[in-house]
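Take 76 as the starting number for the sequence shown in the numbering used here and just add one per residue.
It is possible that part of the hints are untrue.
Claimed, not checked - When the alpha-carbon atoms are kept at most 25 Å apart in a straight line, the in silico PhoX-like pairs for lysine-lysine are as follows: (1) K78 with K280; (2) K328 with K388; (3) K182 with K388; (4) K78 with K99; (5) K277 with K328.
Said to hold, decoys possible - Derived DEER-like restraints, expressed as beta-carbon distance ranges: (6) E223 with A385: 32 to 40 Å; (7) P255 with S400: 26 to 34 Å; (8) L239 with E106: 46 to 54 Å; (9) F213 with D300: 45 to 53 Å; (10) A289 with E348: 52 to 60 Å.
Simulated from the structure, these hints should not be mistaken for lab results.
Every residue, glycine too, gets a C-beta built ideally from N, C-alpha and C.
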Amino acid sequence: MTKSERLHLLSAPSAEERLDHLTKLLASEAEPPVVRPQFANNHIHTTYSFSPYSPTAAVYFARAAGLNTAGIMDHDSIGGATEFRRAGEIAGIAVTCGMECRADMGKTALAGRRFNNPDQAGIAYMAIHSVMPDKYDFLQEVFAPLREHRNIRNRAMTQRLNTLVTPLGVTLDFDADVLPLSQYHVGGAVTERHLLWALAGKLLKAFGSEGIAAALERLSIPLTDSQREKLSARGSDLPYDLLGILKAQLVEKFYIPATDECLTLHELVALSEQAGAILCYPYLGDVGESVTGDKRTQQFEDCFLDELFAMLKTEGIRGVTYMPSRNTDAQIARLQALCAQYDMVEISGEDINSPGQSFICEKLEDPRFSHLVDATWNLIERERVIL
Numbered sequence: 076m077t078k079s080e081r082l083h084l085l086s087a088p089s090a091e092e093r094l095d096h097l098t099k100l101l102a103s104e105a106e107p108p109v110v111r112p113q114f115a116n117n118h119i120h121t122t123y124s125f126s127p128y129s130p131t132a133a134v135y136f137a138r139a140a141g142l143n144t145a146g147i148m149d150h151d152s153i154g155g156a157t158e159f160r161r162a163g164e165i166a167g168i169a170v171t172c173g174m175e176c177r178a179d180m181g182k183t184a185l186a187g188r189r190f191n192n193p194d195q196a197g198i199a200y201m202a203i204h205s206v207m208p209d210k211y212d213f214l215q216e217v218f219a220p221l222r223e224h225r226n227i228r229n230r231a232m233t234q235r236l237n238t239l240v241t242p243l244g245v246t247l248d249f250d251a252d253v254l255p256l257s258q259y260h261v262g263g264a265v266t267e268r269h270l271l272w273a274l275a276g277k278l279l280k281a282f283g284s285e286g287i288a289a290a291l292e293r294l295s296i297p298l299t300d301s302q303r304e305k306l307s308a309r310g311s312d313l314p315y316d317l318l319g320i321l322k323a324q325l326v327e328k329f330y331i332p333a334t335d336e337c338l339t340l341h342e343l344v345a346l347s348e349q350a351g352a353i354l355c356y357p358y359l360g361d362v363g364e365s366v367t368g369d370k371r372t373q374q375f376e377d378c379f380l381d382e383l384f385a386m387l388k389t390e391g392i393r394g395v396t397y398m399p400s401r402n403t404d405a406q407i408a409r410l411q412a413l414c415a416q417y418d419m420v421e422i423s424g425e426d427i428n429s430p431g432q433s434f435i436c437e438k439l440e441d442p443r444f445s446h447l448v449d450a451t452w453n454l455i456e457r458e459r460v461i462l
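Can you build the whole structure from these sequences, using the hints too?
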């Protein structure tokens, strides 16, 4: 059975169907995957934000890659966590559950700075790690009205996006084209990626792989030789390659600043404590050539990193999460030194949201990162306390 066929089974409409398919797939295995315990990944997105993987599929493919742990991390939602945990039990994979959201940094000492958010200064992504299982519903209730506010902005951004693509004769309808691509009806979030995923589908239907490069040129989107080569292919990764290009080049043109849907950092610290969780700052660092292909060369928090750590400690932030493959050795050395200075927990996470990405970060074999695997097991154990 091919990966796409297995993914199809694990993308069935209901969680019960997906879990049943998981049980049958595991029972049909000739032998289990080779376990690679030196690796961990605590930043796996699912269909509850944006990803080709349902919570069940995320566990299955993490296991298939050799992971014996897995961590869910969806935007503005922890709606997939119960399914993710049940899938882990079926597959024999230890799991840790959290969620990602944005915080308004306007009332901090670093108000107005460009943190780790490519789209908006003064707003930072934050990671709520290791949420206690009995707090999933609580967090879903807190973020439900924030997801509603986000959709008001999503609708307005859809109209802006339609204006941009008018020359191509393509139009998006938020309710008909975007919402069905999400798990919003069961507590998932709708992100800018959903808008662009809907657009990518329409563009490929209208122009095909042969004409998509020319169509992007009509939108004044520059393409590298490598991007042209990828777009001319007909493989299953083509829509995701197109999505990455659209995200890097179009978001700033249709983006509307987030306001009502963002908690203040102070509110988020208090909320994380109520959820028995560990609130972390996801370090991005200045971007040169983007590993994931969806970010342009841009400066982020490196120019004020010392100030940032001091502020985070003052505000009650307990940890930092980062992706070793994304940063240079110099960035990582500086980051780890500051984590030690400010007694910050370090947590690993490769941002998984497309089928072409590996669940394994090979850099974790470096002894400098062995503590990140230990940290993963610490998260898992603290969440087991309440089960």
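Hint numbers not upheld by this structure, sorted from lowest to highest: 2
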